Amino acid sequence: MLPEPPERRIVTHWGSYRTDAEGRAVPVAEDPAPSAIGRGLEAMSRSPARVLRPMVRRGWLENGPGGGGRGREPFVPVSWDEADRLVAAEVDRVRRLHGNAAIYGGSYGWASAGRFHHAQSQIHRFLNLAGGYTRSVQNYSYAAGDVILPYVTGSAAGLSFGHTPWSEIRAHARQVLMFGGMPARNTQVNGGGTQRHGFGADFDACRAAGLRMVLISPLGDDAPACDAWLALRPTTDVALMLALAHEVIAAGRVDRAFLDRYTTGAEAVLAYVTGAADGMAKSPAWAAPITGLPEGEIRALAQSVMDLPTFIAVSWSLQRARHGEQPYWMAITLAALLGTIGKPGLGFGFGYGSIDGIGQAENAYSWPKLGQGSNPVDSFIPVARIADMLLAPGGAYPYRGETRHYPDIRLVYWAGGNPFHHHQDLNRLVRAWQRPETVIVHEPWWTATARHADIVLPATLPTERDDIAASGREPLFLPSHKIAEPPGEARDDYAILTGIARHLGLEADFTEGRSAEAWLRHLYAGLPALTGQGDLPDFEDFWQGTGLRIDRSRPVRSLLQRFRETPERHRLHTPSGRIELYSQTIAGFALPDCPGHAAWLEPEEWLGAPATARHPLHLLSTQPATRLHSQMDAGPTAQESKIRGREPLRMNPADAAARGLAAGDVVRVFNDRGACLAGLVLSEALRPGVVQLATGAWYDPVEPGGLDAHGNPNVLTRDQGASMLSQAPSAQSCLVEVAAWTDPLPPIRAFQPPT
Numbered sequence: 001m002l003p004e005p006p007e008r009r010i011v012t013h014w015g016s017y018r019t020d021a022e023g024r025a026v027p028v029a030e031d032p033a034p035s036a037i038g039r040g041l042e043a044m045s046r047s048p049a050r051v052l053r054p055m056v057r058r059g060w061l062e063n064g065p066g067g068g069g070r071g072r073e074p075f076v077p078v079s080w081d082e083a084d085r086l087v088a089a090e091v092d093r094v095r096r097l098h099g100n101a102a103i104y105g106g107s108y109g110w111a112s113a114g115r116f117h118h119a120q121s122q123i124h125r126f127l128n129l130a131g132g133y134t135r136s137v138q139n140y141s142y143a144a145g146d147v148i149l150p151y152v153t154g155s156a157a158g159l160s161f162g163h164t165p166w167s168e169i170r171a172h173a174r175q176v177l178m179f180g181g182m183p184a185r186n187t188q189v190n191g192g193g194t195q196r197h198g199f200g201a202d203f204d205a206c207r208a209a210g211l212r213m214v215l216i217s218p219l220g221d222d223a224p225a226c227d228a229w230l231a232l233r234p235t236t237d238v239a240l241m242l243a244l245a246h247e248v249i250a251a252g253r254v255d256r257a258f259l260d261r262y263t264t265g266a267e268a269v270l271a272y273v274t275g276a277a278d279g280m281a282k283s284p285a286w287a288a289p290i291t292g293l294p295e296g297e298i299r300a301l302a303q304s305v306m307d308l309p310t311f312i313a314v315s316w317s318l319q320r321a322r323h324g325e326q327p328y329w330m331a332i333t334l335a336a337l338l339g340t341i342g343k344p345g346l347g348f349g350f351g352y353g354s355i356d357g358i359g360q361a362e363n364a365y366s367w368p369k370l371g372q373g374s375n376p377v378d379s380f381i382p383v384a385r386i387a388d389m390l391l392a393p394g395g396a397y398p399y400r401g402e403t404r405h406y407p408d409i410r411l412v413y414w415a416g417g418n419p420f421h422h423h424q425d426l427n428r429l430v431r432a433w434q435r436p437e438t439v440i441v442h443e444p445w446w447t448a449t450a451r452h453a454d455i456v457l458p459a460t461l462p463t464e465r466d467d468i469a470a471s472g473r474e475p476l477f478l479p480s481h482k483i484a485e486p487p488g489e490a491r492d493d494y495a496i497l498t499g500i501a502r503h504l505g506l507e508a509d510f511t512e513g514r515s516a517e518a519w520l521r522h523l524y525a526g527l528p529a530l531t532g533q534g535d536l537p538d539f540e541d542f543w544q545g546t547g548l549r550i551d552r553s554r555p556v557r558s559l560l561q562r563f564r565e566t567p568e569r570h571r572l573h574t575p576s577g578r579i580e581l582y583s584q585t586i587a588g589f590a591l592p593d594c595p596g597h598a599a600w601l602e603p604e605e606w607l608g609a610p611a612t613a614r615h616p617l618h619l620l621s622t623q624p625a626t627r628l629h630s631q632m633d634a635g636p637t638a639q640e641s642k643i644r645g646r647e648p649l650r651m652n653p654a655d656a657a658a659r660g661l662a663a664g665d666v667v668r669v670f671n672d673r674g675a676c677l678a679g680l681v682l683s684e685a686l687r688p689g690v691v692q693l694a695t696g697a698w699y700d701p702v703e704p705g706g707l708d709a710h711g712n713p714n715v716l717t718r719d720q721g722a723s724m725l726s727q728a729p730s731a732q733s734c735l736v737e738v739a740a741w742t743d744p745l746p747p748i749r750a751f752q753p754p755t
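With the working numbering as the guide, the letters of the sequence shown map in order to residues 1 to 755.
Be aware that a few hints might be false.
[Said to hold, decoys possible] Here are the simulated lysine to aspartate or glutamate pairs, DMTMM-like style, with alpha carbons at most 20 Å apart: (1) Lys-482 / Asp-509; (2) Lys-369 / Asp-255; (3) Lys-369 / Glu-568; (4) Lys-482 / Glu-512; (5) Lys-482 / Asp-92; (6) Lys-482 / Asp-551; (7) Lys-482 / Asp-204; (8) Lys-482 / Glu-22; (9) Lys-482 / Glu-4; (10) Lys-369 / Glu-485; (11) Lys-369 / Asp-260; (12) Lys-482 / Glu-565; (13) Lys-482 / Asp-20.
[To be verified] Quick list of the computed label-pair ranges, beta carbon to beta carbon: (14) Ala-662 / Pro-592: 53 to 59 Å; (15) Gln-544 / Thr-755: 53 to 59 Å; (16) Glu-267 / Arg-185: 40 to 46 Å; (17) Ala-171 / Pro-592: 29 to 35 Å.
No lab work stands behind these hints, which were simulated from the structure alone. A quick note: this is a predicted structure, and the numbers were derived from the prediction, not measured. Yeah, the Cβ is synthetic: ideal placement off N, Cα and C, and Gly gets one too.
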């Protein structure tokens, strides 16, 4: 048995908590800036929306596998033994009749900060033992960047790892350009959990050191503070970067020595920027009507990047748009023209302010994790193409220069994550979700994913199980104690899958003879070999303490600094071994929406598009300040932000006045893909023509495929790849209209069990 800790602690993605004398979860004293999201831990554990028993859709139970009634039909409770047998039989049926590629193993990494009770690891381990499955690659956060960077700089360094440290930026830069901002709301969370929220202190230290912080975003509060705000039109950052590059070239400030030694393809880029290639100089005069910024403001910004040592930061959000590869490629191009790449504290970087921990010291070791085994099935899709896959089995699609074909999925098995939150054009996803023969999910709550399933298995929350947690951005290995009893018959994913594996004859391989507690001890025992730290307390002492600190971080070094110092020794993993400002490989793919160098390509939906007349507002579906994605939406922090039960929509007062709208109104937000209701908030922090609706309100259609009563922006966003290269999500390219809602308000049913 695990020893009783003197103080119970729980680690979540949005912070670490301890139980007080009344048993309530409160932030640990070590956290200088705790998130308010944690206020909802107890409320979410006992929420009326909890799934309490294994449930099966009535039509599926009575008639056998087949869609058509998902999201409409009632559920029938069954025993765990029957649920285990049903799931095992369905996995076996599909793999025998259609092959393992017909099983889609859906999961997403935010279900738990734990190293063992990690839903994605658990379900993938199980499915690999069962013969494999079709998997997804990339993620919804930065898929376009993850694809383009290896072609340009040889790896994804500087995207989710390998960042230039804040300490170097503070010491060497005198200006930071924040393309897409650095919103503090995003830094409440971190993969693997966090104990010390550090972004605010790092940002404040840069300001205290005298750095000029320039916010380039349609949202004026997209950073904790700024010295200048350039309120450009959404998705036009590439046009602005091109104009800055034009001015650098025109002023004769291009670092030719850097281009010659460290890059390839610069001449093609110079010809494009100056207009020698196409007759159109990408000057500030050209960029002004595209970006909506005054020409003089663009010229002044260009002068500042020539006068001040500048770090160019680009958020993850900018690449979640049509042609989302281009702002990353162009940021690298601009930094290359200036010759700052690899200099301490200068150059470029991505994701600062997108989650907490980016720019902090990174561990020089790995933490233990549950092994997933190997997948014998070589079938995958880009993560954001799930609806395409379900709607067009066998259909061809381009991806990274290949023509691939979608598998014919008969079984979707999902554990961890909520596709009815992450995915775009939810009405289309509802139609696609009817196509598989069976959908099985592990869920703590009656989310839209659970409501659109055939078999729902009640899963525990991180507060309801013992685990260990660790992040690659903190040198801390933390116990995470069970602080609440699971309601009803909820089980952790390991227990659920163990029961199913038993019916398939896989239990011994899946468990390796270990209980959950034995696995925690096993993972802890592997810590010395991974970290090089041999003098560790025994597990009992660790479990009763507040965590281990293992200080062995990577050397303080800026992104691509080693390459700049010795490019011959530290060649990049590109064909040329250099930074490819022009990629022969990508040019050879002949893709109409991703040419061989960074370029301005007009999205189908932006404020300069013909569709603007019908839908004249650009919708930004940002990350929420009150929850993690859709997690904790029923908690008090999120609920207190609602307006008459609806998610708040922010709008510039001038846009509201033109529509006869007032703060507190319930409005209908709509386009040709769908509509939702939201509560109106007015703010001068938004550029006119732009509205902001955070993601994560639980999808709550009044009728299947109809009006969403709750304010989920993904009924409005476009389900189209960023380009044929990456097939990444492009949610930020979205036009809408907003009008007053005058009919009776439909009730919010998202947090009620289905009838």
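Here's how the hints hold up against the structure:
no.: 1; hint: Lys-482 / Asp-509; verdict: violated, 27 Å
no.: 2; hint: Lys-369 / Asp-255; verdict: violated, 45 Å
no.: 3; hint: Lys-369 / Glu-568; verdict: violated, 36 Å
no.: 4; hint: Lys-482 / Glu-512; verdict: violated, 23 Å
no.: 5; hint: Lys-482 / Asp-92; verdict: violated, 34 Å
no.: 6; hint: Lys-482 / Asp-551; verdict: violated, 27 Å
no.: 7; hint: Lys-482 / Asp-204; verdict: violated, 36 Å
no.: 8; hint: Lys-482 / Glu-22; verdict: holds, 15 Å
no.: 9; hint: Lys-482 / Glu-4; verdict: holds, 11 Å
no.: 10; hint: Lys-369 / Glu-485; verdict: violated, 25 Å
no.: 11; hint: Lys-369 / Asp-260; verdict: violated, 44 Å
no.: 12; hint: Lys-482 / Glu-565; verdict: violated, 49 Å
no.: 13; hint: Lys-482 / Asp-20; verdict: holds, 14 Å
no.: 14; hint: Ala-662 / Pro-592: 53 to 59 Å; verdict: violated, 45 Å
no.: 15; hint: Gln-544 / Thr-755: 53 to 59 Å; verdict: violated, 46 Å
no.: 16; hint: Glu-267 / Arg-185: 40 to 46 Å; verdict: holds, 42 Å
no.: 17; hint: Ala-171 / Pro-592: 29 to 35 Å; verdict: violated, 44 Å
The structure is inconsistent with the numbered hints 1, 2, 3, 4, 5, 6, 7, 10, 11, 12, 14, 15 and 17, although it conforms to all the rest.
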